[in-house]
Structures are given as structure tokens and as C-alpha cells.
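The listed protein sequences derive, respectively, from chains A and B. Just so we're aligned: the first sequence equals residues 1 to 204 in the working numbering. Just so we're aligned: the second sequence equals residues 1 to 262 in the working numbering.
Just so you know, these hints were derived from the structure itself, not from any lab. We put the CB at the ideal spot given by N, CA and C, even for glycine. Please note that a few of the clues may not be correct.
As the list claims (entries may be wrong) - List of simulated lysine-lysine pairs, DSBU-like, C-alpha gap at most 35 Å:
no., chain 1, residue 1, chain 2, residue 2
1, A, K20, B, K42
2, A, K20, B, K233
3, A, K20, B, K13
To be verified - Cβ pair distances, simulated, as ranges:
no., chain 1, residue 1, chain 2, residue 2, range
4, B, G234, A, N157, 52 to 60 Å
5, A, S154, B, R59, 40 to 48 Å
6, A, S99, B, Y28, 51 to 59 Å
7, A, D166, B, E157, 27 to 35 Å
8, B, K182, A, Q138, 42 to 50 Å
9, A, E203, B, H25, 24 to 32 Å
10, A, D159, B, V239, 50 to 58 Å
11, A, E203, B, Q248, 31 to 39 Å
12, A, D158, B, V239, 49 to 57 Å
13, A, A110, B, T137, 30 to 38 Å
14, A, E203, B, A247, 24 to 32 Å
The lines below spell out each chain.
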Amino acid sequence: MIAIVHYGLGNVHAIANIYKRLGIPQVIATTPADLAAASHIVLPGVGAFDWAMKRLNESGLREALEHCVLVERKPVLGICVGMQMLAQRSEEGSLPGLSWIHGEVRRFDASRFAGETRLPHMGWNDVRPRQTGGLFKQLTSGARFYFLHSYYFSPKNDDNVLATTDYFGEFACSVGSENIYGVQFHPEKSHQWGIQLLKNFAEL
Amino acid sequence: MLRPRIIPCLLVKNGGLVKTVNFDHPKYVGDPINAVRIFNEKEVDELIVLDIDASVQNREPDYALIRNLAGECRMPLCYGGGVRNVEQFERIVSLGVEKVAVSSTAVRTPELISRAAEVVGGQSVVVVMDVRRDPGTKKYQLRMHNGKVHCDREPAEFAAEVERLGAGEIVVNSIDHDGVMKGYDLELARTIRRASTLPMSVLGGAGKLQDIADLIREFGTVGAAAGSLFVFKGSLRAVLINYPSRAQRDALFEECNGRQNR
Numbered sequence: 001m002i003a004i005v006h007y008g009l010g011n012v013h014a015i016a017n018i019y020k021r022l023g024i025p026q027v028i029a030t031t032p033a034d035l036a037a038a039s040h041i042v043l044p045g046v047g048a049f050d051w052a053m054k055r056l057n058e059s060g061l062r063e064a065l066e067h068c069v070l071v072e073r074k075p076v077l078g079i080c081v082g083m084q085m086l087a088q089r090s091e092e093g094s095l096p097g098l099s100w101i102h103g104e105v106r107r108f109d110a111s112r113f114a115g116e117t118r119l120p121h122m123g124w125n126d127v128r129p130r131q132t133g134g135l136f137k138q139l140t141s142g143a144r145f146y147f148l149h150s151y152y153f154s155p156k157n158d159d160n161v162l163a164t165t166d167y168f169g170e171f172a173c174s175v176g177s178e179n180i181y182g183v184q185f186h187p188e189k190s191h192q193w194g195i196q197l198l199k200n201f202a203e204l
Numbered sequence: 001m002l003r004p005r006i007i008p009c010l011l012v013k014n015g016g017l018v019k020t021v022n023f024d025h026p027k028y029v030g031d032p033i034n035a036v037r038i039f040n041e042k043e044v045d046e047l048i049v050l051d052i053d054a055s056v057q058n059r060e061p062d063y064a065l066i067r068n069l070a071g072e073c074r075m076p077l078c079y080g081g082g083v084r085n086v087e088q089f090e091r092i093v094s095l096g097v098e099k100v101a102v103s104s105t106a107v108r109t110p111e112l113i114s115r116a117a118e119v120v121g122g123q124s125v126v127v128v129m130d131v132r133r134d135p136g137t138k139k140y141q142l143r144m145h146n147g148k149v150h151c152d153r154e155p156a157e158f159a160a161e162v163e164r165l166g167a168g169e170i171v172v173n174s175i176d177h178d179g180v181m182k183g184y185d186l187e188l189a190r191t192i193r194r195a196s197t198l199p200m201s202v203l204g205g206a207g208k209l210q211d212i213a214d215l216i217r218e219f220g221t222v223g224a225a226a227g228s229l230f231v232f233k234g235s236l237r238a239v240l241i242n243y244p245s246r247a248q249r250d251a252l253f254e255e256c257n258g259r260q261n262r
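Only chain A is shown next, with the shape it has when bound in the complex (with noise of 0.2 Å):
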């Protein structure tokens, strides 16, 4: 059973949608008692980090999640803000994150851009797997994602890099640590390829 951490924001609706086409069945969870009768764990995010911090304190829920992540070390996926959220804190906002990954959230720096500044960073763009089974399994050639964000994850340990994407140089598009997983761009909303990586998660 996947668990949808729905806390007020993200895009719990499409998630349940391909989980259920796939035929992996799948809760929006409300309660801690939804989180704890799931094997897996998806915490979306759409917002200032600021504000999904906020949400997800204020949810009733952040314990049992906790729980669940740091204790029955259940997978878990953070999706865009979700990823996020794993990080000890965003040059975004001043709230802490859920420090389950060592690393900050820091703004692209839009001097790299030599005046052509782009931010957000909005699109398809192309994500090269750092590993070839687990999240990324059939998706080490050619796969695409949708991304739309200003800011980016960037870990302490270059070893919880699972997958890079270019934009005006190299930034972790995902990164991991045992079992906490996270995603910057929106599998959800990446027709065949996130379609494949939400099933890898659910194989996990």
C-alpha cells in the first residue's frame, strides 16, 4: 500500500490516478493510522518551502511520518518541495527542514545565466541516472522529466546524488539515502517516464 502524504498541497489526485491505473494500491492519507498501515510512502509538494514546512507541521502528521521514515525505515519519495523538505534548510525560507538528508537548499545562481537569466527552471529536460536499477530502473537512456523550480538540493555527500540534470550546469535532480528517496522534477506529471519511476518506487 502507498501512502500520499496529502497535507494540503501537491498533486495527491494524479499521483492516486497512475498508482490506480498500474493497479498498485495506493491511500491519500489523512491520518497517521494511513500512514501506518503502508509499506511506501509519497510526500509531494508544490509551494514556498516556508509554507509546505508549515502545512506538514501543522498537518498531524509529521510525527507519525517520522515514524515510519526514520524508525520502520519505510521508502519514502519526496517530489519536488517534497525533496525538498529533506534537506536541514532552504535559502527559500527560515523554517528547518526534515534534516533527513544532509544538504541545504540553495537558489540557482543567476549569474550563470551571462544575462540570459531563466528562473524558474520550467520544462522538459533530460535526467541522467547516476545508477542503473532502483528508481531509475528503464530509465538510463533518454528519459525526460518535467521540472518547474528556482531552487535546487544541493547534499553535503556527493553520494546521495542518484540522478543529475543540466541547466546552465549540473545540479542533483534526485538524491537518496537508504531508504528516502527524492525527486526535484514531477513524476506525476511526466507521462511515461514518471509513470515508470512512481512503479520502480512501488518495487522498492
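Go by the hints and put chain B onto chain A.
Chain B only, in chain A's frame:
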């Protein structure tokens, strides 16, 4: 490589989809959810849905419709229509919409852009600029309420302002080219491109894929939005939802290469 985006733009009126010409003469073209399902199968890059009644009728966005659209879309969705305050931005994003567009509201209360960006993030705040060329002075004018109301703002200067205020994207929509299918207003696109470094999508006038190619060749990683092109087929404008295949799009981007990802 970040690719240009080819974006169908759907207009909602009385709960149905319509297509206009010069912002007038709405013609019924089908059911919104059904159209989204077809666009899912065609794996479109992104979708814009604008409720063209909401602001004019001064009513709330149709949240039930938005929820259904967002749940159905397997591609990113930009919704616009009737959005006047931060709470509405928040509610629409919480329904699963990636981007929320404002037009009339952005002109009347530009500071809303900043406040919305603080909550939903600037990447999700889109400003749609409806522009027409004044028949007398030949200058570009920003318009409100489906083009019916003139506002005393110079489009380029307004584009720069919304960028300063923290918007994430500008959709520049040519009233004169809307539904005419004879190509984009490239001069208007140039005017806005010079004024702002935000991601820009251009709407109004695309009648064939070559029109999109012309836009991409000049502007590189741009959003090429179109209504008529993707809902009509043939000179009689028979309703048939269509969209270039991935192979066609890749070939088109290849053909335009040189300016891309710059």
C-alpha cells in the same frame, strides 16, 4: 537540454470548451475532461486552461472543475480565471494545479503577485498579458476582461514589473492574432522578451507547426501555446483534437536547433 514547450490552451465557458476569434465568437468545441484525456494520450508538454467567464462575471473559480482537471491531467496544468486573492492561489495549488494564472487581477493589484509567490512559490505564479495593437496609434495596449477593457499600462513596462514582483512566467496573448491561425505576433513577443528575462509563453495565431518552428527558431526555449491549432482540423475548422507526436516535436526542435537552451 531544456526543451521548448508546446502547449494547448483551452478556454472554458459555461462549463464547456470554446474557441474564440479575436476574443469573440466563442465556438463550442467539446467537454474539458474529455479533451484532457485525449491530450494525456498524446503526451502533451503542458496544458493551459482558462475560464473566460469567471473574471467577467466576477465569480469564484469553479473548484470542482479544477479538481477534476488536475486529477485527470498527466501533464502540468496552468489554470487561470477568476483568481483575485492569495487564498484562491493557495486553494487551487492544493487541488493539484502546478501553475495559477492571473491577468486582470495582476493589472489591478500587482502586489498580489508578490504575496502569492510567498505562499505558492514564484514558479507557480503566471501572468497572462492580453495585448492588442491600437488601431489608431498602432501601439501595443494591455487589455483586461477578455480584451474588453483598456488599461493604461504599457505592455513591456508591465512585463518588467511582474518580473520584479516575483512572477514565474509570462504568457503573452495577442488579441489581434487570436483564432486567426496565420502565425504568432513575433514583434509583440520580441517586445516582451526584451523587457523581461522570465520564461515566456506566446499565445495567439499559431495555425500550423511551422508557425511554432518560427517562434522557437527566434526565441529558443520558449513556450509555444495554441488553441485553434490543436482543436481544429482543416479549412472548415472541424473539431478534432490533435497534437504533434513526440517524433514530430523532436524533429521540429532539431530543425530549430542553434538557438535552443541558450
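Looking at the structure, which of the earlier hints fail to hold? 9
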